[in-house]
Amino acid sequence: MENESTEVKSYKLSFNGNGSTFFGIVVVNWLLSVITLSIYYPWAKAKQLKYMYSSTTLNDDSFAFNGTGKEMFKGYIKTLVIFGLLFAIFGVFTYYEMPTLGILVLYFGLFTIMPIAIHGSYRYRMSRSTWRGIRFGYRGDRTELMLNFFKWIFFTIISLGIYGSWMEMNLRSYLIGNIRMGDVEFRYKGKGLDYFLLGLKGFLLTLITLGIYSFWFYKSLFEYYVNNISAYKDGKEITFKSKATASDMFNLLFVNYIILIFTLGLGYAWVVTRTMNLVFSRIQLEGDIDLDSIQQTEADYTDATGEDMSDFLNIDFIM
Amino acid sequence: MNLTAATYFDGISSIPQQIELTLDELQGQLEFKTSIGFNEWGIEEISVEQFGNTLEIRHNDNKVALIKVNNPDFIAEFLGLLKQKGQLGWYHIFIHLGIKAHILIAVLILGLIVGGYFLIIPWVAEKAVLIIPEKYDASLGQTFFTEYVTKNNVDSAKTNTLNEFAAELKLNNSKQLHFTVVQSDIVNAFALPDGNIVVYTALLDKMKAYDELAGLIGHEVIHVNNRHTMKMLCRNLSGYIFISVVLTDVNGIMAVIADNARNLESLSFSRQFEQEADVQGTELMIQNGINPKGMTTLFTRLKSEEKVLVPTFISSHPMTDDRIKYINELIKDKPSFSTENKRLTELFQEIKN
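Here the protein sequences line up with chains A and B, keeping their order.
In this text, residue positions in the first sequence follow our numbering: the first is 1, and each later residue adds one.
In this text, residue positions in the second sequence follow our numbering: the first is 1, and each later residue adds one.
Derived from the structure by calculation, the hints contain no laboratory data.
Any given hint might turn out to be false.
Footprint (simulated), chain B over chain A, 3 or more residues, beta carbon under 8 angstroms [unchecked claim]: (1) 17-27; (2) 62-69; (3) 126-136; (4) 294-304.
Built from N, CA and C at the ideal position, the CB exists for glycine as well.
Using the sequences and the hints, build the whole thing.
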């Protein structure tokens, strides 16, 4: 049954969601959130994710998000308890007039939670994502990520933020490098120096051109992200390539802005679907991995605490 | 019996398997054969999702295995059966209401939020203030006073005279009032919730008669008497709680819009309190036998300052012309006050020197 040919395969990524359907989901979520005083939030999130995933297709088969509101609600409660405890400790220190120590403990707590949240979020989100019934997975090690994270944060602070570019690339490499889709492995090969120079050039040219260059800047950031991703399986490969142009970026951002302003925010659904549509229609895949031969390898993981903690911290690292 | 071609993914590999899917309406189950064997999925054990023309069917025990169907007739029949058996919940109905109904719901929610701001929040705040003990007003005012006012250049001689001036007036106050004169080029005066009222020398310099000073005192005292600061705090706080509870982060942009609305509305509350202080302050003047014209004279003098004080003055207070207009409206039927209060004139002259 195994197809051993090394011929170049064709792949097609696309996003088929439309604004009005997504608007329906957003509005119903909104209504239920208002009625339940926002307790509905985890279920609302599950509905949005389900729609986003299933509207995204690879070779005409859609991705799926199998997470549930219930799982995320449990995670939400755990998150509330964790943050509650952290702030309670801070409160106790403040009460006994040791605010400096209290703030130190609070910051240390938040910095510790960040990598734990990222790790948990990736494990959960990947495990609950499937394509053709094949689960994604995240194989990163929590302790390793935490140690790295602290090291990178430390370098970023002592370099007055310059190391931030390296940190971002290292983190991205670690996270994407640990993603699996069945027995397909992913890799990210972006480098801190390149990314730093890209950012520096973009910043300076945007400044000089009074913002006009920003569309080229967005284009090159997107390109740098996409072009450095690749997938491997049994010595075969798929490379990712961006076809986005600066005028794509202009059309996307400018029209999104207009939509939001003139609909008083109600056009949010269209802004999201337009963005997704552009992202997926501008990624070109090339390579020789046979998509019919992927094997199920990743286990189920239903603890959504990391996912909810990421929401609390407002970090969204999901690719 | 209903039959269709479908694609099956077994959750073991990504190979699409072409199957013949049978819907057995009597048994209430889906039946299909794979290379491994015969499968029966009862309709109570499955979950379905429809995306465009594709229906995805998953088994609740094994979420990764799925069947994809594209046949519209089969899908219609199958969904009909699910609906009949009560397997399609209220959510399905909500989602398929159509864009017009969804826009209507969105507008209604928006209306509810706006209504909430202008009707529910002021009401809640008004009630909340009654529950909050007055000692909070006192400690709040005291904190502000020691933090900011005492660090300024206080004119103690003028402070004493101003307190004597105020003591001559009947101000209907329940709290002990204390006036402080601060040396400053800024034309300003404000009342703290604990009964501390601060007047800047630049404002005193602008005045030419004691009835203007009485007008100012009347205005500021009403802020204290009616606990305006605490009411303002309660309204702002309930506004914040309202936003965070009702909107969470389901739609972040909505929250931003709501927050802007809150700021605007907070300014309108502020204007409402200012007007209340103007009107009731004028009434205090009349009760004390002081010519209420002093209030409008004061506003006319302040008007020349507006160039400097724009835009906060205009936004947090009513327009000066409007203030003069409604005060004039209020006092037009009142008898004229021609007798001069000797004691107040003396004290006023003392402050001016």
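How the hints compare with the structure:
1. 17-27: Held - the stretch 17-27 of chain A has 6 residues with a Cβ nearer than 8 angstroms to chain B, which meets the minimum of three.
2. 62-69: holds (count 3)
3. 126-136: holds (count 6)
4. 294-304: n = 3 at 8 angstroms, threshold three: holds.
Comparing the model with each numbered hint stated earlier shows that all of them hold.
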